[in-house]
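*Asks:* Build the full structure now, drawing on both the sequences and the hints.
Protein chains: 2
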Amino acid sequence: MKTIPSIIKIGMLGCGVVGGSVARELASSGADLAARAGAKLELTKVAVRNLSKRDGVADSILTTDAESVVTDPEISLIIEVMGGIEPARELILKAIANGKSVVTANKALLATHGADLYAAAEKAGVDLYYEAAVAGAIPIIRPLRESLIGDRINRVMGIVNGTTNYILTKMDEEGLPFEVVLKEAQALGYAEADPTADVEGHDAAAKAAILAGLAFHSRVTANDVACEGITKVSAQDVATAKSMGKVIKLIAEAKRSDQGISVRVAPMMLDRSHPLAAVREAFNAVFVESEGAGQLMFYGRGAGGAPTASAVLGDVVAVARHIVAGSKGPAESDYADLGIAPKGASITKYAIRMAVHDKPGVLANVANVFAKEDVSIQTVLQKGRGDAAELTVVTHRATEANLAATVAALSKSDVVREVESVIRVEGSAS
Amino acid sequence: MKTIPSIIKIGMLGCGVVGGSVARELASSGADLAARAGAKLELTKVAVRNLSKRDGVADSILTTDAESVVTDPEISLIIEVMGGIEPARELILKAIANGKSVVTANKALLATHGADLYAAAEKAGVDLYYEAAVAGAIPIIRPLRESLIGDRINRVMGIVNGTTNYILTKMDEEGLPFEVVLKEAQALGYAEADPTADVEGHDAAAKAAILAGLAFHSRVTANDVACEGITKVSAQDVATAKSMGKVIKLIAEAKRSDQGISVRVAPMMLDRSHPLAAVREAFNAVFVESEGAGQLMFYGRGAGGAPTASAVLGDVVAVARHIVAGSKGPAESDYADLGIAPKGASITKYAIRMAVHDKPGVLANVANVFAKEDVSIQTVLQKGRGDAAELTVVTHRATEANLAATVAALSKSDVVREVESVIRVEGSAS
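Line by line, the protein sequences are chains A and B. For the first sequence, this note's numbering begins at 440 and goes up steadily by one. For the second sequence, this note's numbering begins at 440 and goes up steadily by one.
Check before you lean on any hint, since a few could be wrong.
One copy or two, it doesn't matter: identical chains are merged, so the pair holds either way.
[Claimed, not checked] Dumping the calculated SDA-like pairs for lysine to any residue here, alpha-carbon to alpha-carbon at most 25 angstroms: (1) K767 with A558; (2) K562 with A473; (3) K448 with Y774; (4) K448 with S766; (5) K562 with A847; (6) K782 with R658; (7) K681 with H796.
Hints listed in this document are in silico derivations from the structure and should not be mistaken for laboratory results.
*Replies:* Next up, the structure:
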């Protein structure tokens, strides 16, 4: 018979904002966490790059030798909050090979090497948990992995990057241009000095890949995600959306069709009545459509030390319970193996905003271009006169290929001065 | 070594709307569910009150002998969707005593006898899962039970009854009185012929007790819930709330203070900007405030065959995985044992609407009454003139005892014709 451990020793890789918050909680909520986990949780080693003092972490447990943490025979649970691909990947694999369960918040790593890591954990009979990797404190991994496991998910749409949602919220509510709001966000600490990963959508793309893999029980990596950021979203786009009762959000979307899985990060116009439209500032939310449950939404803080630490600690207690019980949680499954849909197959509605010449017959001319490419028009919004005349056409659902052909034809048309923007409009699931 | 079952035989108690939906899904999604559970899931017996034909359920597995289902040695998992306290309680206990794990959607039973059932399951080493018992398809039990297990929850506020939310939505959006909307809801099937359990708040109270117990790791039953329904909410109350930028919702609230846990179901005014304010019609949502994660919200369909079946099937697959792995999920814990706060201790903001005599000095007079009882006023709204003159006072946070004394004094005041309503106003957590 297995002996039940009364203490579970924990090693941590990294001790930044999230790691510091985790360490302090492990210390200050020790009795509560022990009662919930069924064993005392003790942080015994923390790998850091330099040994400078950490608030709330005893100097004696700090080490610069990360390898000694993942190979320590006394430690049975590793928390990885160092981020980045290497050496995190190698250290996690070594921890798993040494029979340790792992809790990680590393979205970039999971979106790239997830399948290898899941397979290694499954083979070693240990847990690999990662609630904190997507949408911070919001429980979304566990609901997808467990609560909805008896259902069939058709689509997942998320606002999973707080920086871009903060910027788009300010653009919408204050009418300011992107560059101005970005500077303000940087000054307030909502955006980094180099904001590329956020504003170009790469951070959201990693999360989209993880959500898609879980939702559709298939293997999806960040490379499978069509990714477009918000740098081209102009104050005019935001104002146009507003005048149509819509709001522009950066959406990470994963959906399935007969052709496979499509995963995308792109600015999207949503009706103001859509549950995601009300998600303001740095908040995150994930909207799920499934056969049985219908529409679900999960809302909360997507980043920050304490919220992310909450997700990490939830996983730590869950994994500790498994260690106490001598069991493990469900493995990842990619049994469905749906495959990635070919590019251009995705069917969506679009809003095309164009500067036009202010002369008779413009609308008929433009409508003709759409008709020729087999893209049907839902609404047209006309704004301004003379040199400032603008037309925004919202289409019915069309393929990306037909839409691209339409935009090319519009650019060559005599009556169109310039196609200024093309933004997806939230429509139905397929 | 334990042999891994390739088939898990399932018995079901009850076959109404939810049960029928579960049975059809088990049949039609068999291959998917088997891949996810790690074993084929086979429904082999269904206990019903009469043997009339059920769509999608083979006659051969129907039986009126419920006892034979929970004692069948071949069956390892029981789904209870019959509802009501008895015989559901006795049958579940017998199933557990026979070593079977149980998935139930029975909120009334869990809110009354939950502690006994959890203890029996723990003793027998089997799972008792109940995601479907609160807020239908919305994953809320698992997030509270697992995702937030490393955090400290301070408050849970939920819209957990679709019927009353539908009625209040119509009252708000169409300005209609309660009785008219109730009839309409009954005609549409949103409300039952006898709507008592919904409109008096009893259904929400059972769910509030379950949520409170989970959130605070303590024992809470339906008897601990202060319960007030929506039958006294008038069109005037709704209109007054609207003119103050608020909306009235039936809220199930559980919060903790130094004095213990307070659990309540009551109509409450929320700011229109509150995430729960946008939850319309029959949708449900649960809002959670915790130390680490901050504010979270879970939104979706709270009732109906397919949504509830989604929650049941999620539990069935989770429990089946445990059976395959020879493990079990986390047990319920009431280690914190916070106790129930004394009545009248709860501190809240209130809106008091009263008909007043239209003469000079009314406001000063009314303000004096509040001051005498130590209840401070936040805002005053005056409406109408002459016989229709009305005053609505929104207080700062006050104890229930002070508020009751104020209302008694107002009723006796010369300037107040009648205190027409007293409704709680959402404030801070304590």
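*Asks:* All hints, please: hold or fail.
*Replies:* Here is how each hint holds up against the structure:
1. K767 with A558: both (14 angstroms within a copy, 23 angstroms between copies)
2. K562 with A473: Cα proximity of K562 and A473: across copies only (21 angstroms, versus 28 angstroms in one copy).
3. K448 with Y774: between (34 angstroms within a copy, 23 angstroms between copies)
4. K448 with S766: both (17 angstroms within a copy, 22 angstroms between copies)
5. K562 with A847: Neither: 51 angstroms inside a chain and 70 angstroms across chains, both beyond 25 angstroms.
6. K782 with R658: For K782 and R658, only the intra-copy Cα distance (17 angstroms) is at most 25 angstroms; the inter-copy one is 54 angstroms.
7. K681 with H796: Within one copy, since 24 angstroms is at most 25 angstroms while 46 angstroms is not.
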